[in-house]
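Engineer: Chains as they are written, first to last, in my numbering: chain A, -14 to 296; chain B, -17 to 293.
Hints are computed from structural coordinates only; laboratory data are not their basis. We put the beta carbon where it would ideally sit given N, CA and C, even for glycine. There could be a bad hint or two in this list.
[Unchecked claim] Okay, the calculated beta carbon distance ranges per label pair:
#, chain 1, residue 1, chain 2, residue 2, range
1, B, Gly7, A, Ile94, 49 to 57 Å
2, B, Gly7, A, Asp103, 54 to 62 Å
3, A, Ile94, B, Pro269, 42 to 50 Å
[Claimed, not checked] To list a few chain B residues with every Cβ distance to chain A over 12 Å, as calculated:
#, residue
4, Cys13
5, Gly25
6, Arg70
7, Ile72
8, His77
9, Pro79
10, Trp86
11, Leu90
12, Gly100
13, Trp157
14, Asp160
15, Ala176
16, Gly187
17, Cys188
18, Ala205
[Said to hold, decoys possible] Quick partial rundown of chain A residues pointing at chain B, CB under 7 Å, derived from the structure:
#, residue
19, Ala236
20, Cys254
21, Leu256
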Amino acid sequence: MRRPPFAILLWAAAFHALAQQAPASEPRDCPECPELSLVPPGQFQMGSAPDAPELEPGRGESPPARLSFARPFMISSREITHGEYRRFAEATGTKAAPGCRVWSGGQWIQDAERSWRDPGFAAAPRDDEPVVCVSWDDARAYAEWLAAESGKRYRLPSEAEWEYVARGGTSFPRYWGENDSREDLALALACEYANVYDSSAVDALRLPAPNARCSDRATMLAPVGQYKPNAFGVYDIIGNAREWVMDCFTASYAGRPADARAWIWQGGCELKGVRGGSFASRPRDARAPARGAEHSGHRQSDLGFRVARDY
Amino acid sequence: MRSAAATLALASIVAAVPSWSAEPGSAFRDCEDCPDMVVVPAGAFVMGTPGAAAARGAADAEAGATVVTIAQQFALGRREVTRGEYARFIADSGHEPQAGCRVWDAELARFSDDNRRGWQDIAPADDFPATCVSFADAVAYAQWLAAKTGEHYRLPSEAEWEFAARAGSRSLRPWGDDAADGCDAANTYDLVAAARFRLGWPEAGCRDGHGDLAPVGQFAANAFGLQDMIGNAREWVQDCATGSYVGRPRDARAWEWIGGCGDRVQRGGSWLTPPDESRSASRHGAPAGERAGDAGFRVARDVEARSRAER
Chain A
-14 MRRPPFAILL
-4 WAAAFHALAQ
6 QAPASEPRDC
16 PECPELSLVP
26 PGQFQMGSAP
36 DAPELEPGRG
46 ESPPARLSFA
56 RPFMISSREI
66 THGEYRRFAE
76 ATGTKAAPGC
86 RVWSGGQWIQ
96 DAERSWRDPG
106 FAAAPRDDEP
116 VVCVSWDDAR
126 AYAEWLAAES
136 GKRYRLPSEA
146 EWEYVARGGT
156 SFPRYWGEND
166 SREDLALALA
176 CEYANVYDSS
186 AVDALRLPAP
196 NARCSDRATM
206 LAPVGQYKPN
216 AFGVYDIIGN
226 AREWVMDCFT
236 ASYAGRPADA
246 RAWIWQGGCE
256 LKGVRGGSFA
266 SRPRDARAPA
276 RGAEHSGHRQ
286 SDLGFRVARD
296 Y
Chain B
-17 MRSAAATLAL
-7 ASIVAAVPSW
3 SAEPGSAFRD
13 CEDCPDMVVV
23 PAGAFVMGTP
33 GAAAARGAAD
43 AEAGATVVTI
53 AQQFALGRRE
63 VTRGEYARFI
73 ADSGHEPQAG
83 CRVWDAELAR
93 FSDDNRRGWQ
103 DIAPADDFPA
113 TCVSFADAVA
123 YAQWLAAKTG
133 EHYRLPSEAE
143 WEFAARAGSR
153 SLRPWGDDAA
163 DGCDAANTYD
173 LVAAARFRLG
183 WPEAGCRDGH
193 GDLAPVGQFA
203 ANAFGLQDMI
213 GNAREWVQDC
223 ATGSYVGRPR
233 DARAWEWIGG
243 CGDRVQRGGS
253 WLTPPDESRS
263 ASRHGAPAGE
273 RAGDAGFRVA
283 RDVEARSRAE
293 R
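Bound conformation, chain A alone:
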């Protein structure tokens, strides 16, 4: 078994200690605005080394890219909730577009009856659960509404910002320090920090994938902010709902900007980045550097978002 060097453990311990303190939260920009965390500037390695465990071929996670962020930025401490999104929909008269990909009978199926208002879970969605069944366009519309309400530059986080936040100042694929979820090195700490595919979800989902060897007490979505935050005071960035990012997706970092900017094609793109994994993701897909993509219009009952804004 590979053990992280002692210095890294110390580093991780320092961040654990930081994470235990209640991070200073910034005041909200508007009554409807989400609570934000301030993320400091810095440098980090986006992606993973070619010999990293749990690499998914063809997703472009490796080779990595060295990025430098010159300015701080803000990101919502939690995933945007059902209640927050509902207030947006009511204020703007946005109708719930019907149709969402939901987990049913042991597989993901497109269900024309479902929408963010009713994603098809056993119980009606709670206001403090992440909103799901929202497309990339829906998420952008929400951010633009926040921007109009607050006068601040709300937007989706770039993929680089997202991963920088998700690593929480560590170099680990999971900010709580676990490096590997393979059978012999199975996750055990994950359930303190994230709503992942764990023993509580196995009976409900029966995914053909390994699971975290612990219980997070949530089979599907959990209310936001129930688990331990990372050093930036950010909750649920791994697990719970997958999260849209601003960037177009291509399966390699070659040619990407070396800073915090979103990587966007002229003329637009169909495939957008999706990050963080969900309660239904294989452990290897619920890591800070793991990459995914969906079409802009895709709606799924484990896919939501959080917002960022310039500082």
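Mind docking chain B on chain A? Use the hints.
Structural biologist: Here is chain B on its own, set in the frame of chain A:
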């Protein structure tokens, strides 16, 4: 009434056809000093190398083969832009390229930047390809031609380039799969070049008669009537360099980022490129500012009014 509408519709179709005959394969020149152009037909093709693992030298960047549709015919330079053509542009436009050229240093046995040499110094005569040109130099040439002729001259997109280079072929090279069969079709790193310059990689096992740059138009044309697509000088195309085709446009558009990109694509390889990379699908990314002694370009031009979306 109905026939009047039909006549009107017919008249508008006729009006959209260029005044001259743009038959695929037909050649033209817009001015005395302008490059010879060939009309490339519309069509669809597989861009990239399917089952790339099987192709020697094929890289990840070309592995995600994608069906690309070239919806409209376009014109492409029959040959690489020559030093003579480039000299007229320099004299006429006042464009002042920086000095400096990346060349093979036989004494040091490596590529190095020679600040004393420029575009005048590598090609030995006016009928050789213009080399030591940056991406911006090549774009400036195309813009000068456009201003001079009133036609939409530009660099080809990467998709247009590969479609034109393949000219209907699906093999690794326009003449087949084997590099050693190409000595009548391309000036590549062959036995003649290898006898003059030991570059540290294998050569194609045939003799093309040139151990360095060759005058343009010395080799057999491909099925579209284009010469030197493979070999002689690498050619700048408009696209940003990427490590994957995932997410790229499925049409003739160049793939570019908002905010620009540092590396642009060069295609076709040169007289000194390893034969494994002298292929129709092989991609090379180079810093946009690089001027290399074996890198030049050819121009493209629209022959049909493009739809707004494709511009």
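Engineer: Hints first: check each against the structure and report whether it holds.
Structural biologist: Taking the hints in turn, this is what the structure says about them:
1. About 51 Å separates the C-beta atoms of Gly7 of chain B and Ile94 of chain A, a value consistent with the hinted range of 49 to 57 Å.
2. The hinted window of 54 to 62 Å between Gly7 of chain B and Asp103 of chain A holds, with their beta carbons roughly 59 Å apart.
3. Evaluation of the 42 to 50 Å hint for Ile94 of chain A and Pro269 of chain B yields a pass: the beta carbon distance comes to about 48 Å.
4. With a least beta-carbon separation of about 30 Å from chain A, Cys13 of chain B lies farther than 12 Å from that chain, consistent with its non-interface assignment.
5. Even its closest Cβ contact with chain A, about 21 Å, leaves Gly25 of chain B beyond 12 Å, as expected for a residue assigned away from the interface.
6. The beta carbon of Arg70 of chain B is kept farther than 12 Å from every beta carbon of chain A, the shortest such distance being approximately 31 Å.
7. With 12 Å as the threshold on Cβ separation, the claim that Ile72 of chain B sits away from chain A holds: the shortest Cβ distance comes to roughly 29 Å.
8. The beta carbon of His77 of chain B is kept farther than 12 Å from every beta carbon of chain A, the shortest such distance being approximately 25 Å.
9. The Cβ of Pro79 of chain B lies farther than 12 Å from every Cβ of chain A, with a closest approach of about 24 Å, so its non-interface assignment holds.
10. With a cut of 12 Å on Cβ distances, Trp86 of chain B stays outside the contact zone with chain A, its closest approach being about 25 Å.
11. Remark: the non-interface label on Leu90 of chain B is consistent with the geometry, its nearest Cβ contact in chain A lying 28 Å away (cut-off 12 Å).
12. Separation of Gly100 of chain B from chain A is adequate, the least Cβ-Cβ distance of about 28 Å exceeding the 12 Å criterion.
13. With a closest Cβ-Cβ approach of about 30 Å to chain A, Trp157 of chain B is found to remain outside the 12 Å limit, as its non-interface label requires.
14. Asp160 of chain B, annotated as away from the interface, keeps every beta carbon of chain A farther than 12 Å; the closest lies near 29 Å.
15. Under the 12 Å C-beta cut-off, the non-interface status given to Ala176 of chain B relative to chain A holds; the minimum distance is some 30 Å.
16. At roughly 32 Å, the least C-beta separation between Gly187 of chain B and chain A is larger than 12 Å, which holds for a residue marked as non-interface.
17. No Cβ of chain A comes within 12 Å of the Cβ of Cys188 of chain B; the nearest lies about 33 Å off, and the non-interface call holds.
18. Residue-level check passed: Ala205 of chain B sits 30 Å from the nearest beta carbon of chain A, beyond 12 Å.
19. With 7 Å as the threshold, the beta carbon of Ala236 of chain A comes within range of chain B, its nearest partner Cβ sitting at about 4 Å, so the hint holds.
20. This hint holds: Cys254 of chain A has a C-beta 6 Å from the nearest C-beta of chain B, less than the 7 Å allowed.
21. At a threshold of 7 Å, the smallest CB-CB gap from Leu256 of chain A to chain B is about 5 Å, leaving the interface hint in force.
The structure is consistent with each of the numbered hints, conforming to all of them.
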